[in-house]
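Participant: What follows is each chain in one-letter form.
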Amino acid sequence: GAVVSQHPSRVICKSGTSVKIECRSLDFQATTMFWYRQFPKQSLMLMATSNEGSKATYEQGVEKDKFLINHASLTLSTLTVTSAHPEDSSFYICSASRWAYEQYFGPGTRLTVT
Amino acid sequence: QKEVEQNSGPLSVPEGAIASLNCTYSDRGSQSFFWYRQYSGKSPELIMSIYSNGDKEDGRFTAQLNKASQYVSLLIRDSQPSDSATYLCAVNIGGKAAGNKLTFGGGTRVLVKP
Chain A
1 GAVVSQHPSR VICKSGTSVK IECRSLDFQA TTMFWYRQFP KQSLMLMATS NEGSKATYEQ
61 GVEKDKFLIN HASLTLSTLT VTSAHPEDSS FYICSASRWA YEQYFGPGTR LTVT
Chain B
1 QKEVEQNSGP LSVPEGAIAS LNCTYSDRGS QSFFWYRQYS GKSPELIMSI YSNGDKEDGR
61 FTAQLNKASQ YVSLLIRDSQ PSDSATYLCA VNIGGKAAGN KLTFGGGTRV LVKP
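Protein chains in written order, with my numbering: chain A, 1 to 114; chain B, 1 to 114.
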């Protein structure tokens, strides 16, 4: 149980384009989903918290107009990186919370912006 | 002072030995604590959660929590080369009021040598 998927696993896009990443909880309903970013040799950085049917809560310093989060159902959240630039290249990981506390991570999406 | 601190390592242990990892946290009111394992290039995997003082055992893993001293530790018994990874300590600081976010330590890299 507690399986979370992400799609795509890897994406290369050109500077200025937008990229959408999907996060799905496959075998449970996720009350909350989280989006993280991880640069090489660094720890996870929380970008935003999303609850189904509500606006996402962004961490300080994360541009909400650049990183659009939609949490349309209890099993699906999407992150759209708009007008991507090379500095947005990173490993994006979502997690889903089954109960109030434990978070289960998806396999991650490696984004490269050329 | 960082909210969750870990020794970055690497912690080098011979195969079959016990690996001991420590984590300290700053918020005395924290109630939920987690250990994640992250292989290079992969997303974190939940291996232990602990909520009460004392020890919690799961297979070769034992988590220890001491809220009075504000530390949580992880023991890996009979260490195997496949245990070589970065271990992330995560603390739910702020609880439901803060959206049940997890604050991660920087991780301890463990190397198990055959």
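Honestly, the hints are just simulated from the structure, not real lab data.
Mixed in with the good hints there might be a few duds.
[Unchecked claim] For the chain A half of the interface with chain B, some residues (derived, Cβ under 8 angstroms), not all of them: (1) S15; (2) T49; (3) I93; (4) F105; (5) V113.
Beta carbons are placed, not taken as given, at the ideal position from N, Cα and C, and that holds for glycine.
Participant: Tell me, in ascending order, the numbers of any earlier hints that this structure violates.
Facilitator: Hints 1, 5 not satisfied by this model.
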